[in-house]
Amino acid sequence: MRSGSSTGGTKPEESCELDGDVALQLAEVDAGYGKVEALHEVTVSVRPGEVVGIVGANGAGKSTIAKTVAGFVRPSSGRVISHGVDVTELNVRQRVRRGISLVPEGGPAFRGLSVEENLLVGASATASDRSAPMLEQVLKTFPVLAERRRQDAGLLSGGERQMLAVGRALVAAPRLLVLDEPSIGLSPLMLNRLLVQVGDLARNEDATDADRMGVLLMEQNVIAACSVVDRIYVLHLGRIVHEAASPDPDEISEIILRSLGST
Amino acid sequence: MNFWLTQVPLLAMYVVLAVSLDLLAGVAELLSIAQIAFMGVGAYSVGYLTVTAHWPFLLATLVGVLIAALAGAISGIPGLRGRGFIYGVMSFAVAIVAYTAFNAPNNITNGAEGIAGVPLPSVGAAALSDTWSFIAVYVPIAVVIVLLRWRLDRSPVNLALRAIRSDPMAGAISGIGSGRLLIKVMALSAGCAGLGGAMFAGLIGFVDPSSFSVDQGFLLLVMVIVGGKGNLWGAAFGAILIGSVPSLVTYVNLPSSTAGSIEQIIYALILIVIIRVRASGIFPERHWLKRERRGAAAPVGMTPLAPAAATPPLSAVPLDPVTPPPANADTVVALECKDLKKSFGGVKAIRGVSIAFPAGRITGIIGANGAGKTTLIDLLSGVQRPDEGSVEFFGQELRRSSAVTRRRKGMGRTFQSTRLFHGLSAEENVMSGLGSMSRIGLFRDGLWRGGRQVPRLRKHANVYLEEVQLRARLGMDALDLPYGEQKLVGLARALASDASVLLLDEPFAGVSADGVSVMSNILRDLTQKGRTVILIDHNVEAVVGLVDYMVAVDFGAVIADGDPKDVISDRRVMQSYLGTA
Numbered sequence: 001m002r003s004g005s006s007t008g009g010t011k012p013e014e015s016c017e018l019d020g021d022v023a024l025q026l027a028e029v030d031a032g033y034g035k036v037e038a039l040h041e042v043t044v045s046v047r048p049g050e051v052v053g054i055v056g057a058n059g060a061g062k063s064t065i066a067k068t069v070a071g072f073v074r075p076s077s078g079r080v081i082s083h084g085v086d087v088t089e090l091n092v093r094q095r096v097r098r099g100i101s102l103v104p105e106g107g108p109a110f111r112g113l114s115v116e117e118n119l120l121v122g123a124s125a126t127a128s129d130r131s132a133p134m135l136e137q138v139l140k141t142f143p144v145l146a147e148r149r150r151q152d153a154g155l156l157s158g159g160e161r162q163m164l165a166v167g168r169a170l171v172a173a174p175r176l177l178v179l180d181e182p183s184i185g186l187s188p189l190m191l192n193r194l195l196v197q198v199g200d201l202a203r204n205e206d207a208t209d210a211d212r213m214g215v216l217l218m219e220q221n222v223i224a225a226c227s228v229v230d231r232i233y234v235l236h237l238g239r240i241v242h243e244a245a246s247p248d249p250d251e252i253s254e255i256i257l258r259s260l261g262s263t
Numbered sequence: 264m265n266f267w268l269t270q271v272p273l274l275a276m277y278v279v280l281a282v283s284l285d286l287l288a289g290v291a292e293l294l295s296i297a298q299i300a301f302m303g304v305g306a307y308s309v310g311y312l313t314v315t316a317h318w319p320f321l322l323a324t325l326v327g328v329l330i331a332a333l334a335g336a337i338s339g340i341p342g343l344r345g346r347g348f349i350y351g352v353m354s355f356a357v358a359i360v361a362y363t364a365f366n367a368p369n370n371i372t373n374g375a376e377g378i379a380g381v382p383l384p385s386v387g388a389a390a391l392s393d394t395w396s397f398i399a400v401y402v403p404i405a406v407v408i409v410l411l412r413w414r415l416d417r418s419p420v421n422l423a424l425r426a427i428r429s430d431p432m433a434g435a436i437s438g439i440g441s442g443r444l445l446i447k448v449m450a451l452s453a454g455c456a457g458l459g460g461a462m463f464a465g466l467i468g469f470v471d472p473s474s475f476s477v478d479q480g481f482l483l484l485v486m487v488i489v490g491g492k493g494n495l496w497g498a499a500f501g502a503i504l505i506g507s508v509p510s511l512v513t514y515v516n517l518p519s520s521t522a523g524s525i526e527q528i529i530y531a532l533i534l535i536v537i538i539r540v541r542a543s544g545i546f547p548e549r550h551w552l553k554r555e556r557r558g559a560a561a562p563v564g565m566t567p568l569a570p571a572a573a574t575p576p577l578s579a580v581p582l583d584p585v586t587p588p589p590a591n592a593d594t595v596v597a598l599e600c601k602d603l604k605k606s607f608g609g610v611k612a613i614r615g616v617s618i619a620f621p622a623g624r625i626t627g628i629i630g631a632n633g634a635g636k637t638t639l640i641d642l643l644s645g646v647q648r649p650d651e652g653s654v655e656f657f658g659q660e661l662r663r664s665s666a667v668t669r670r671r672k673g674m675g676r677t678f679q680s681t682r683l684f685h686g687l688s689a690e691e692n693v694m695s696g697l698g699s700m701s702r703i704g705l706f707r708d709g710l711w712r713g714g715r716q717v718p719r720l721r722k723h724a725n726v727y728l729e730e731v732q733l734r735a736r737l738g739m740d741a742l743d744l745p746y747g748e749q750k751l752v753g754l755a756r757a758l759a760s761d762a763s764v765l766l767l768d769e770p771f772a773g774v775s776a777d778g779v780s781v782m783s784n785i786l787r788d789l790t791q792k793g794r795t796v797i798l799i800d801h802n803v804e805a806v807v808g809l810v811d812y813m814v815a816v817d818f819g820a821v822i823a824d825g826d827p828k829d830v831i832s833d834r835r836v837m838q839s840y841l842g843t844a
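Sequence lines, in order, name chains P and Y.
All the letters of the first sequence, read from the start, carry residue numbers 1 to 263 under my numbering.
All the letters of the second sequence, read from the start, carry residue numbers 264 to 844 under my numbering.
The following block holds chain Y by itself, in its conformation from the complex:
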């Protein structure tokens, strides 16, 4: 029997472990060392259930996978609050606790002695007895996991995960709530780890704590990092590369006393070389457009954009007209805040603001730096909670609803500093703002429908990109765009939400005159379709020319409101804001 052939089932197991870990650590960027713990849970479940309880192998595997998935979801929740670093530390703790539990003398895991005599995997009377039969079962399992992950990567779930890892708050504003989706991802990933554990128990026939130590957990992470974080093929390749190292060391027949340290040195060398030479791994993560065209995605670069004079194709936008404002629209209030108050560590940012924003109109908010304008938008959009006061959306009290809920009710917003999702193309940024992205489900939209919805999402996103006249930039990383164009992409992302009320924080800042006129036309057109726009900006000329109603704030309170021309000639406004009196 060829030596390398006997290693194939083991490598198939590593592929299952790494590909599922990469979904969590790569795509969702929740760095986890605990994958090894869930693998252990799967292995011990199978060991205990088959050896002590005499369950059939397949049923034991199924239960092991479910227990691992449950453990993965529950143990991951506390770490979600902190994301990144905190999540990593929490997963470290989980790995240590699990190892200690496996190692402690007890009747289930049998402490340091482990569980020996795990039967060969079998279905009914048919058992895997030789290398060929293991290969015939384990390789297809790995292929199925790879295919599932491939399906997921082409689905909108992949986009949602990359968006929320980049900026959870901007994700929430696009309606992509992160909590539930990430918990499901953690469960799925841990479940696959449990499956890997069952494969391990069946293959080796012996389950003991040393196979699930923390350094083994790091090894899985090294597979992902070396192969290319976030890239399915990278993870699979990394698993095979790193997984082959122990086999290689065995193959060259090193004395067992040195073999272990030689292995460690090889891992370290591979890791160091990869990080020096190709920090994002052998197969780096790519966004969708680049995946399709394999680098042929022409560097559109700074090709000239269409001149501002071209009429935006607004008719092409798939907007359902919202309840059009009646003739006496001034009486309909889209959004109203009453006596809002908010302090930050003793500094009163908002001190009793009441504004009624008319439906189907553009309201402009102006005010000095630090007057509380952004805080006001944060309170209206649910990014922050007021200390006192209420917010009503078409007469409905919103005080308790989160940013995600408000987004689903029909509020969209942009941010002062764009907050585009980095690592996503301009097109993907706009796609993540689409209304349907806020109802994305891991199983229904990811594993079941796969990429089927994507062409439609992409088509819609392109309409909005076209509208801000940035169609030529769709494949570029959003953060490589000039600042003014990033602002336009941010607007397109907010427009894509199909919101009935849009809150825009300094949309014109850093945008050149031609861009400002494109934006102004879009906003005017939106109100024609019954949408309500609320914007903050310092470009007084553009704001006065655009808005129907203006509010001036200073020191967290309204100092003037009404017709824009009246407001900017108000003495206090001129003094505190324009500096002309």
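Just chain P, with the same shape it has in the complex:
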């Protein structure tokens, strides 16, 4: 049961309840830091091959959802389910092995390691045989990473580090990719290229349905998010207040502003 006002949009599908082909299911998750509760009964699902966005103002709880999915924050109630397995009690490393990769906010890089070494660290996390072709793909999407392959990652600009962080997550060949604010630091051209690439990888024609990567995108930039997602959730003060398929950016922005005004 969801509390908060659902201002329209489609109802969450009943079909995606706990079955094996759901890349991610957050079921009525409450989570927070110490005594401060940041998420209230959040229910979110991502199917394989689907790109799902979560938008909302600063402090809405987007990063907390990302951290809850990756395992940095444990829910105080509710379950986190991925590909039919309850991962609520698993730690970050175990979740990475199950194919859950997070690109944290701000695109952190391992300084002192070269760009290539950074990417290899990502690949080594799962040792998937899909890592090698994925590495090719990453270097093609972000030519600047190929150019700077041997350079210290600490010398990259902020935007380039963001590309590297996404690349590092991708070479692990994840089954669920969680992106926390990838737009930070990226030029419009690069952001567009990144989102198109992520969308293409998710909708990979060659893979079987269940094999496709699911993507959960936390984003401030509503226009960018709407351009790529299949479905979107609007988060306000830790609650999902709206859900829509093939969202219209103007309508979503309007909903965010309205929910801010109502508090």
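These aren't lab readings, by the way, just hints derived from the structure by calculation.
Any given hint might turn out to be false.
[To be verified] Below, computed lysine to any residue pairings styled on SDA-like, alpha-carbon distance capped at 20 Å: (1) Y:Lys-611 with P:Gly-199; (2) P:Lys-35 with Y:Arg-549; (3) Y:Lys-828 with P:Gly-199; (4) P:Lys-140 with Y:Ser-701; (5) Y:Lys-792 with P:Ser-157; (6) Y:Lys-601 with Y:Gly-825; (7) P:Lys-35 with Y:Gln-838; (8) Y:Lys-604 with Y:Asp-817; (9) Y:Lys-611 with P:Arg-148; (10) P:Lys-140 with P:Gly-199; (11) Y:Lys-601 with Y:Ser-701; (12) Y:Lys-722 with Y:Ser-665; (13) P:Lys-140 with Y:Lys-447; (14) P:Lys-35 with Y:Asp-743; (15) Y:Lys-601 with Y:Val-646; (16) Y:Lys-447 with Y:Lys-601; (17) Y:Lys-611 with P:Lys-140; (18) P:Lys-35 with Y:Gly-738; (19) Y:Lys-611 with P:Ser-157; (20) Y:Lys-601 with Y:Leu-552; (21) Y:Lys-722 with Y:Phe-706; (22) Y:Lys-611 with P:Ser-114.
It should be emphasised that the depicted structure is a prediction, and the values quoted were computed from it without experimental measurement.
Could you slot chain Y onto chain P? The hints should help.
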């Protein structure tokens, strides 16, 4: 005579040593093992001057304290370059060198034999002769040191030290130069260690190298860590707890052959248990707001913030209008760079950039990732030095001035990745950006004025927090805030500098639409007051709507400049940046 009473003077000495070490190792986070060396310098000075030179005890103590302070300042300077780890290793070296020097056969320290027969501490004819008289003098000394440290902890110096330990570069940008302040702190801390040494010499009457070995140095550090690094009461408590261990071992009358190893085992056990159970010590360090309200500081959490529509109370901001731009403001240039060049290991980041930034206007810089935008801001703000070219601030050449100097001249900036001071609350972050923090002095503002300036600083900081509509978050650790709010705190910290020229590196990145409109209003209002704003951002819509003048860069060079609408419809800009052509 009660056994434990006889231990009180010794414990008072440990309190002096630990509380002063904690100022350096805890508050300033310069981990030092060398405190024991400066204690030795004090003890040997008193020993030599009283026994060989027949000086009066008090004068010998005074000179010993000064020598220790001097030694502390000079020996600490090389380690400052590296901070953290390097500083620790350097202090280790200092402790070893000092021990070797004490131990070497010479006429001053008397080598391994040491100096025996140090007279009882005396002033004129009055000498300390029994335990009660030692207690009557040593305990007040410890109390005075504790009070001085308490005063310092409530002063803006404490804030400045915590800020620069967290991020020296962001500290410099807030105008808090770290060098001189830290050298003074090292001198003060070592001077107190020297005092502890004099107390030791007077109490024991015998000075020999074994009392100042490296493991004794570690013991002082253990007191600080167990008690709670950065917390005055923690250090004092740790000193008493750890300092009591040898007394305890003596008390239970263990054979001397095993006593030493039992002591070591007890120290180790205490340390292990504390680090497992309470890593930040028995009394952890707290920021000011938490200190005041004793945990009652309500977890403001994610209470909703005021909607963006509320007009920011800009009139309340204590800004002195800087020279308002004349009617034909376009002719006045606030900041100008000429033919700037900068390479990093063969990669040319900036290749000949010349831009004149008009005063009282907002200039936007856009460009592809890796185009050199942040490097440009680094060169303008003095965080990095150009290989070639010049920067002029209102016609004044800046090439040689540091980031701190530029900040004092009136340049403020924010960082792409916020670089807020961790461990500081949102309020403290903004306070450290205030103009008066850049003129902070250890003795005048710390020991003399104590906390008297703080309410005023806090009031000013709150005005800026109010302006970015984050007043509700003031007591929260800045790094616990959502990213977008951290950006707003970063802006408030830069605004607090009261700078005439503000350089903002991606202020809108990760900030939601409501936050962007709050920021835009603030920036527009600043230019009304004659301030100049220069910003980099990828939020093209917000930038175009806000700025008066736009510069596009690519591959370290300017490719277009002028009216924002013209710049974003430039063919090269569209191709290299927007991806629309």
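These are the hints, each one checked on the structure:
no., hint, in the structure
1, Y:Lys-611 with P:Gly-199, "violated (34 Å)"
2, P:Lys-35 with Y:Arg-549, "holds (18 Å)"
3, Y:Lys-828 with P:Gly-199, "violated (31 Å)"
4, P:Lys-140 with Y:Ser-701, "violated (48 Å)"
5, Y:Lys-792 with P:Ser-157, "violated (33 Å)"
6, Y:Lys-601 with Y:Gly-825, "holds (17 Å)"
7, P:Lys-35 with Y:Gln-838, "violated (49 Å)"
8, Y:Lys-604 with Y:Asp-817, "holds (14 Å)"
9, Y:Lys-611 with P:Arg-148, "holds (13 Å)"
10, P:Lys-140 with P:Gly-199, "holds (15 Å)"
11, Y:Lys-601 with Y:Ser-701, "violated (29 Å)"
12, Y:Lys-722 with Y:Ser-665, "violated (29 Å)"
13, P:Lys-140 with Y:Lys-447, "violated (54 Å)"
14, P:Lys-35 with Y:Asp-743, "holds (13 Å)"
15, Y:Lys-601 with Y:Val-646, "holds (17 Å)"
16, Y:Lys-447 with Y:Lys-601, "violated (39 Å)"
17, Y:Lys-611 with P:Lys-140, "violated (23 Å)"
18, P:Lys-35 with Y:Gly-738, "holds (15 Å)"
19, Y:Lys-611 with P:Ser-157, "holds (13 Å)"
20, Y:Lys-601 with Y:Leu-552, "violated (46 Å)"
21, Y:Lys-722 with Y:Phe-706, "violated (23 Å)"
22, Y:Lys-611 with P:Ser-114, "holds (19 Å)"
Violation of the numbered hints given earlier is confined to hints 1, 3, 4, 5, 7, 11, 12, 13, 16, 17, 20, 21; the remaining hints are satisfied by the structure.
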